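Trainee: Here are the chains, one letter per residue:
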Amino acid sequence: MEKRVVFQNRYLPYLLIAPQIAITIVFFFWPASQAVVQSVLREDAFGTRSYFVGMENFLALFEDEYYLNSFKITALFSTLVTTIGLSLSLLLAVTADRLVRGTTAYKTLLIWPYAVAPAVAGALWGFVFLPGPGIFAWLLLQAGVDWNFHLNGNQAMFVVVVAATWKQISYNFLFFLAGLQSIPKSLIEAAAIDGAGPIRRFWSVVFPLLSPTLFFLVVVNVVYAFFETFGVIHSLTRGGPAKSTEILVYKVWYDGFEAQDLGGSAAQSVILMAIVIGLTVIQFRYIERKVHY
Amino acid sequence: MAKVTLKSVKKNYGPVKAIHGVDMEIADGEFIVIVGPSGCGKSTLLRMIAGLEAITEGEIVIGDRVVNDIEPADRDIAMVFQNYALYPHMSVHQNMSYGLRIRGMDKANIEKRVQRAAEILQLQPYLQRKPRELSGGQRQRVAMGRAIVREPSVFLFDEPLSNLDAKLRVQMRLEIKRLHQQLGVTSIYVTHDQVEAMTLADRLVVMNQGRADQIGSPFDVYGNPATTYVGGFIGSPAMNFLSCRVETGTGGPKAVLADGTALMLPAEWTPPAGNYTIGIRPETMRIARPGETAQLHLNVDVAEELGADTLLHGKLGDEDLVARVPSHAGYHDHSRPGLMIDIARAHLFDPESGLRIAL
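As they're listed, the protein sequences go chains A and B.
Just so we're aligned, residue 1 is where the first sequence starts under our numbering, counting upward by one.
Just so we're aligned, residue 1001 is where the second sequence starts under our numbering, counting upward by one.
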């Protein structure tokens, strides 16, 4: 049931949401509209004049094989971050849910990574995997792996996925744990009496009831992998080696601020914007329809 | 079908003793109701029989197997939960057949059993619906259907009607009774509602703080409560308890109440003289007829009109007394009727232990 508040004064509700609207306009709508404007302009070499070029920036993008490659990299990166992140956090949440004692300590410890800034997380994992002094790097070297993620693209991808996943696990964990704890215990008991073992109970009763949470987290994690991993990638690999970890959002920044192609960069932002709008719409549609059992 | 035996079953949660040792023999096909207020251990006891709680001490036998270390799934029981515990993402049909599918029964057989249970419970039109599309009473029936299709030897009910409104509760109570007559499966039913307990039970177990105070037929428990606790719990309004001193002498034994009223006890009662608690049910009192010498006079504070009967609440000395009299007797607040007591239906209890004195 939706609860509706009725206001006596018809201007009061507008006044109450005004600060939020103001912030949204200044920090979201205005930059977004600037990106849209910029995406149909091209600047001259000295940055003194802009010309209207229509869809040319967009057309150029789809002929740019680096851009198409960046799409593939982003797809791989976000798939890995989402699937690995969600599986691990579900496993951790199920474990925490079974704990009788020490739950608080366990939960608190698991939440820490979320408080770490992306750049710091990147630096941290950078040290861990740093060829030479890094502890994991050393272990890998001992195991006979020719480890240097600054040179090997696949290894670089592995490191950014680890760092980005690690940071997101806390968030996923909290939602999964809340989801698990909202499942009535008697359902599990009924399934036990019905003869289902622990694994069967999980897949036929617990997991279906978690699916709304899971879907929500998939969307959130995809958005995270697309947009919020800039800091991790910038501090670990700077999109390299040889652009092997250059995801879309990193390329936006690189093309705009390093390569000084503001028009192309803006066109990429507009495409990203369309993607995130699409994801949000899917999420809201789904949640409205499906979440309530 | 099976009989169930509990041998000094105990349950501790750490240092806290929840069940102090319950002994019970439940015959094949019997309907046993475990009744008591919340926190008396009745649900714990049921969950121990189901295998959802470990047994600290003692033995539970279902059929001829000791089930202490047997998983709930293998105890050949089915349970109906208070909140129904239906799987929300499954249809009614899937809910009912889940246990059978897990056990690997073939499809034709599953279909036959589900259809039969649906027919008994009048659920055929709803088989494809999800639990959220059903009313409370229908959900309750699905929960029972899920138990029936398994054809277990014992049904366990954990306060199955307490989430329903009063009218539906009466109706479902009847359905459960009919179902039991039809299927004849040993049933153990937990409730805090004494009306459910009295109407459903072949035998009643009255639990009090982890102990079974009395096990007996509803009639027996009502008529001969083993303790003041049972007398106070079963029957509405509750049995009156008055402290008294029994005097033996010429003219037979008599009980002298705190306010000095002396009640002659039946001559065949031979309690030793001393202090007792006398238990008198409100419905064993009546208004003295004209010409009769009233055995006691009650100062009525409040007369509660129930339609057929009136409850006269009053004080005798400092002790509360309730009498249930027919409405047409015409007594009202602040009246002072003279009452007669059917003393043969009263009971004497030990004032310390609360145990009934055998007379």
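Hint data in this document are derived by calculation from the structure and do not stem from the laboratory.
Here the structure is a predicted model, which is why all the values come from computation and not from measurement.
It is possible that some hints are incorrect.
[Stated by the list, open to error] Below, a list of computed lysine-lysine pairs in the PhoX-like style, where the Cα atoms sit at most 25 Å apart:
1. Lys-1017/B <-> Lys-185/A
2. Lys-1007/B <-> Lys-1017/B
3. Lys-1254/B <-> Lys-1315/B
4. Lys-185/A <-> Lys-1315/B
5. Lys-243/A <-> Lys-185/A
6. Lys-1177/B <-> Lys-1112/B
7. Lys-72/A <-> Lys-243/A
8. Lys-1130/B <-> Lys-1107/B
9. Lys-185/A <-> Lys-1010/B
Trainee: Work down the list of hints and note, for each, if the structure agrees.
Mentor: Hints versus structure:
no.	hint	verdict
1	Lys-1017/B <-> Lys-185/A	holds, 23 Å
2	Lys-1007/B <-> Lys-1017/B	holds, 17 Å
3	Lys-1254/B <-> Lys-1315/B	holds, 21 Å
4	Lys-185/A <-> Lys-1315/B	violated, 48 Å
5	Lys-243/A <-> Lys-185/A	violated, 50 Å
6	Lys-1177/B <-> Lys-1112/B	holds, 24 Å
7	Lys-72/A <-> Lys-243/A	holds, 12 Å
8	Lys-1130/B <-> Lys-1107/B	holds, 21 Å
9	Lys-185/A <-> Lys-1010/B	holds, 23 Å
Going down the numbered hints, you'll see the structure goes against 4 and 5, while the others check out.
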